[in-house]
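Line order of the protein sequences matches chains A and B. Each residue of the first sequence is one higher than the last, beginning at 1 in the numbering used here. Each residue of the second sequence is one higher than the last, beginning at 1 in the numbering used here.
To be clear, the hints were calculated from the coordinates, so they are not data collected in a lab. Every value quoted in this text rests on a predicted model; they were computed, and no experiment measured them. Be aware that a few hints might be false.
DSS-like, lysine-lysine: derived pairs with alpha carbons at most 25 Å apart [as the list claims (entries may be wrong)]: (1) 223(A) with 108(B); (2) 124(B) with 204(B); (3) 60(A) with 278(B); (4) 281(B) with 64(A); (5) 314(B) with 296(B); (6) 222(A) with 66(B); (7) 42(A) with 183(A); (8) 60(A) with 281(B); (9) 64(A) with 48(B); (10) 222(A) with 314(B); (11) 223(A) with 242(A); (12) 48(B) with 124(B); (13) 206(B) with 354(B); (14) 368(B) with 222(A); (15) 60(A) with 314(B); (16) 60(A) with 282(B); (17) 314(B) with 223(A); (18) 282(B) with 222(A); (19) 42(A) with 118(A); (20) 204(B) with 165(A); (21) 368(B) with 296(B); (22) 66(B) with 103(B); (23) 206(B) with 165(A); (24) 282(B) with 64(A); (25) 154(B) with 206(B); (26) 222(A) with 242(A).
Residues from chain A shown here face chain B by an in silico Cβ test under 8 Å; the list is partial [said to hold, decoys possible]: (27) 19; (28) 52; (29) 106; (30) 166; (31) 169; (32) 173; (33) 253.
All C-beta atoms in this analysis are idealised placements derived from N, C-alpha and C, irrespective of residue type, glycine included.
One-letter residues, chain by chain:
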Amino acid sequence: MATAKGIERSSVIISVFSTTPGIGKTIVAINLAAGLASEGYKVCLADLDLQFGDVLNYLKLTSKTTVAGAQRALLDHPKTFDVRKFLIDYSNNGITFSILPAPLYVFDAYQTDINIVKEIINDLNFCDYIIIDLNSMFSALNLAMLDISTVINYVGVIDFLPALKNYKIGYDTLIRFDYEESKIRLVENRADSQKLINSNDVERLLGEPFYHRLPNDYPSVKKSINTGQPLMFAAPDSKLTKSFGELVGLYSNRPHSQGEAVTDIPTEKNSGGLLSKISNFFGF
Amino acid sequence: MAYRTIVIENDENFLEDILYVLHRSPDFEVSANYKSAQAALGQAVMFKPNFFLISVDNATMLNSVKNFVETFPGAFILGTMSSWNPVIAKQAMDNGITGCVLKPFTAKQLLDYIRLYSARGLHKPAELISFFSPKGRAGRTTLAAVLALLIAEKTGERVALIDADLQFGDLPMFFDVEPERTIVDATQDIRLLTPITLEPYFHKIKDGVFLLASPARPEYAELVTPESLVDVAMMSANIFRYVIMDLPSGFNPLSLNLCRISDLVYVTTMINSGFEVKHTKKTLEMFESQAGENSKIHAVFTRVNPFTEEQREKIAEQLDYPVDVMIPNEYQMISVANSGRLARGLPQDTLLMKTISNLADEIIESGK
Numbered sequence: 001m002a003t004a005k006g007i008e009r010s011s012v013i014i015s016v017f018s019t020t021p022g023i024g025k026t027i028v029a030i031n032l033a034a035g036l037a038s039e040g041y042k043v044c045l046a047d048l049d050l051q052f053g054d055v056l057n058y059l060k061l062t063s064k065t066t067v068a069g070a071q072r073a074l075l076d077h078p079k080t081f082d083v084r085k086f087l088i089d090y091s092n093n094g095i096t097f098s099i100l101p102a103p104l105y106v107f108d109a110y111q112t113d114i115n116i117v118k119e120i121i122n123d124l125n126f127c128d129y130i131i132i133d134l135n136s137m138f139s140a141l142n143l144a145m146l147d148i149s150t151v152i153n154y155v156g157v158i159d160f161l162p163a164l165k166n167y168k169i170g171y172d173t174l175i176r177f178d179y180e181e182s183k184i185r186l187v188e189n190r191a192d193s194q195k196l197i198n199s200n201d202v203e204r205l206l207g208e209p210f211y212h213r214l215p216n217d218y219p220s221v222k223k224s225i226n227t228g229q230p231l232m233f234a235a236p237d238s239k240l241t242k243s244f245g246e247l248v249g250l251y252s253n254r255p256h257s258q259g260e261a262v263t264d265i266p267t268e269k270n271s272g273g274l275l276s277k278i279s280n281f282f283g284f
Numbered sequence: 001m002a003y004r005t006i007v008i009e010n011d012e013n014f015l016e017d018i019l020y021v022l023h024r025s026p027d028f029e030v031s032a033n034y035k036s037a038q039a040a041l042g043q044a045v046m047f048k049p050n051f052f053l054i055s056v057d058n059a060t061m062l063n064s065v066k067n068f069v070e071t072f073p074g075a076f077i078l079g080t081m082s083s084w085n086p087v088i089a090k091q092a093m094d095n096g097i098t099g100c101v102l103k104p105f106t107a108k109q110l111l112d113y114i115r116l117y118s119a120r121g122l123h124k125p126a127e128l129i130s131f132f133s134p135k136g137r138a139g140r141t142t143l144a145a146v147l148a149l150l151i152a153e154k155t156g157e158r159v160a161l162i163d164a165d166l167q168f169g170d171l172p173m174f175f176d177v178e179p180e181r182t183i184v185d186a187t188q189d190i191r192l193l194t195p196i197t198l199e200p201y202f203h204k205i206k207d208g209v210f211l212l213a214s215p216a217r218p219e220y221a222e223l224v225t226p227e228s229l230v231d232v233a234m235m236s237a238n239i240f241r242y243v244i245m246d247l248p249s250g251f252n253p254l255s256l257n258l259c260r261i262s263d264l265v266y267v268t269t270m271i272n273s274g275f276e277v278k279h280t281k282k283t284l285e286m287f288e289s290q291a292g293e294n295s296k297i298h299a300v301f302t303r304v305n306p307f308t309e310e311q312r313e314k315i316a317e318q319l320d321y322p323v324d325v326m327i328p329n330e331y332q333m334i335s336v337a338n339s340g341r342l343a344r345g346l347p348q349d350t351l352l353m354k355t356i357s358n359l360a361d362e363i364i365e366s367g368k
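Could you build all of it, start to finish, from the sequences and the hints given here?
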């Protein structure tokens, strides 16, 4: 893919997207970044949930430089612009990844120019992986980011009927918008939580299997947020950490983790009544 | 019995038109007509009128509406306008008018307006209530839906729910309905609509509660301009005594515009990771910087646990803003919303329902 400056981009862009808010996108983004960094890759995590981004909050970091500052600098001094000046590093036990923080003020977020953001992301081309944390809408910015992404890590939690509806509608919309199915990676979060809706039914509904399923592990996530560390440091032995390791493996093509995810999550039997209701709703 | 009608109109052509229509209808009996409000206020009492048609195109007549309301309590007072003007309709409502009608009209349309405005409720301006949330997943939709049901039940007045969360609105699913017409149709047609013709775009959920649904596909959201949605909301205020709007998350031209015209904005937040209070603080600052004041902006926290006054103070302190409404956690609610049974019966006697019921009482009180 060509950048604004005509250079062929080599970095892999993984956007973390969903159509329901509050289902763990930021946790997924942070742990993808940390996991890929631990494999030795150069990684930047861009927080493009511009108004209410949580990446810095979850890592207990503060930053004076944000994407808003980068935008101003790029507009004022395009020739000398260096995106590196606007990144901050997260380091822990010798593992480091960079972060492009979201603006500190909603007003700045509101002023963000999509084309400028695109240029800034293209300037991160020195990284092996760029992880983009988005918010839960088909906004112009999100679509622009999905366009330039190598893969779309499309996260869903299937614990609530409206959430399932929005996951399905979102997936159908991505397909209608001509994103290749191979580019969309369906990732179920909190996959084994107590829920009314069976994952197999969801896969039937979507017509596509989940690429990966992350187990429900609220205590580990809580520990991670409370200590401001990615899961591999906050809860190294948890099943969720292990599952993230597998997802990172899928994205980094480590030889031993090629192919399907190996997480073994038990699924309940067909729940009958509710499925027929869902089926009626989606007309199949 | 025919309505004893007084017509107040200073435009010759319109007057001729209106009288022609009324004379041919058995439902109306023209007692007198006047070219000025002053003359009508002096003389009309002799006819014991119970129906007025007052041109609100004219500023003096618009201002005199409150005198008519005072002098003729219980009478139907309709403002007539040559083109639909939402601002004038609102001013007329502030003056206590029953409602406004578009000129020219037929006798049947007048009867439709009378039916519509009788069902609406008190002859008072509507309360426009917006539910805003910074990031979503805040319980915003559940709160809006339950509140609409409770207000309608308590007042017997008409309540509209507008699902302005255009891409991923959940209200149709909450009520298990799939309305044929949506907000996209209403906003596309609004320039040609009147309160009578806008009413059928709303889907009746149950007595007194009507839904203007979000579209079926996210990309249709693009067809809705903020200006046209503002017009739809403002016209809905003529059909319904309460207009409750479920907004898309975050700040965007749509949510900002609907908040601007709202009488009450509830910034709704569910406490989860703990950073939500921070987001709400940013939200309140943004509202303050945009509008210069926050008097109509109220902070609502859902799933508050522990549900105590100490907790309220703790959040308020972090927020540097009063916490007006606290909603407790209620798992039962999720399963009710999940099954689309919301309109068929709310869980009774729970702390959650009691809290929302109190909020409904406060809103009803402020709208009187």
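A quick look at each hint next to the structure:
1. About 67 Å separates the Cα atoms of residue 223(A) and residue 108(B), which puts this hinted pair outside 25 Å; it is violated.
2. For the proposed pair residue 124(B) and residue 204(B), the alpha carbon gap of about 22 Å is at most 25 Å, so the pair holds.
3. Taking the CA atoms of residue 60(A) and residue 278(B), the gap is about 13 Å. The hint holds against a cut of 25 Å.
4. Between residue 281(B) and residue 64(A) the alpha-carbon distance is near 19 Å, which keeps this suggested pair within the 25 Å criterion.
5. A C-alpha spacing of about 22 Å is found between residue 314(B) and residue 296(B), which places the hinted pair at or below 25 Å, so the restraint holds.
6. Between residue 222(A) and residue 66(B), the direct Cα distance comes to roughly 59 Å. Violation of the 25 Å bound is thereby established for this hinted pair.
7. Note on residue 42(A) and residue 183(A): the hinted pairing holds, with a Cα-Cα distance of about 22 Å set against a maximum of 25 Å.
8. Restraint check for residue 60(A) and residue 281(B): satisfied, since their Cα atoms lie roughly 18 Å apart, inside the 25 Å limit.
9. The hinted pair formed by residue 64(A) and residue 48(B) fails the criterion: a straight-line CA distance of about 73 Å is larger than 25 Å.
10. Under the criterion of a C-alpha separation no larger than 25 Å, the hint pairing residue 222(A) with residue 314(B) is consistent with the structure, at around 21 Å.
11. Taking the CA atoms of residue 223(A) and residue 242(A), the gap is about 16 Å. The hint holds against a cut of 25 Å.
12. Distance check on the hinted pair: residue 48(B) and residue 124(B) sit about 23 Å apart at the alpha-carbon level, within 25 Å; holds.
13. Our distance criterion of 25 Å between C-alpha atoms is met by residue 206(B) and residue 354(B), whose separation comes to about 21 Å.
14. The hinted pair formed by residue 368(B) and residue 222(A) fails the criterion: a straight-line CA distance of about 46 Å is larger than 25 Å.
15. Of the supplied pair hints, the one linking residue 60(A) and residue 314(B) holds, its CA atoms being roughly 21 Å apart against a limit of 25 Å.
16. About 18 Å separates the Cα atoms of residue 60(A) and residue 282(B), which keeps this hinted pair within 25 Å; it holds.
17. Between the alpha carbons of residue 314(B) and residue 223(A) the distance comes to roughly 22 Å, so the proposed pair stays at or under 25 Å and holds.
18. The hinted pair formed by residue 282(B) and residue 222(A) meets the criterion: a straight-line CA distance of about 23 Å does not exceed 25 Å.
19. Straight-line distance between C-alpha atoms of residue 42(A) and residue 118(A) comes to about 20 Å, which keeps the hinted pair within the 25 Å bound.
20. Proximity of residue 204(B) to residue 165(A) is assessed by CA-CA distance (about 22 Å); at most 25 Å being required, the pair is judged to hold.
21. Distance restraint check for residue 368(B) and residue 296(B): the Cα-Cα separation of roughly 16 Å lies within the 25 Å cut-off, and the hinted pair is therefore satisfied.
22. At roughly 21 Å between alpha-carbon atoms, residue 66(B) and residue 103(B) fall within 25 Å of each other, so this suggested pair holds.
23. A C-alpha spacing of about 24 Å is found between residue 206(B) and residue 165(A), which places the hinted pair at or below 25 Å, so the restraint holds.
24. Proximity of residue 282(B) to residue 64(A) is assessed by CA-CA distance (about 17 Å); at most 25 Å being required, the pair is judged to hold.
25. Under the criterion of a C-alpha separation no larger than 25 Å, the hint pairing residue 154(B) with residue 206(B) is consistent with the structure, at around 14 Å.
26. Distance hint between residue 222(A) and residue 242(A) is fulfilled; the C-alpha atoms sit about 16 Å from each other, no more than 25 Å.
27. For residue 19(A), the shortest C-beta to C-beta distance to chain B is roughly 6 Å, which falls under 8 Å, so the interface hint holds.
28. This hint holds: residue 52(A) has a C-beta 5 Å from the nearest C-beta of chain B, less than the 8 Å allowed.
29. Of the supplied interface hints, the one on residue 106(A) holds, with its beta-carbon coming within about 4 Å of a beta-carbon of chain B, less than 8 Å.
30. Here the hint on residue 166(A) is kept, as its CB sits about 5 Å from the closest CB of chain B, short of 8 Å.
31. For residue 169(A), the interface hint holds, the least distance from its beta-carbon to any beta-carbon of chain B being 6 Å, beneath 8 Å.
32. Checking residue 173(A) against chain B: minimum C-beta separation of about 5 Å stays under 8 Å; hint holds.
33. Hint status for residue 253(A): violated, given a least beta-carbon distance of 32 Å to chain B, over 8 Å.
When the structure is compared with the earlier hints, violations turn up for hints 1, 6, 9, 14, 33 and for no others.
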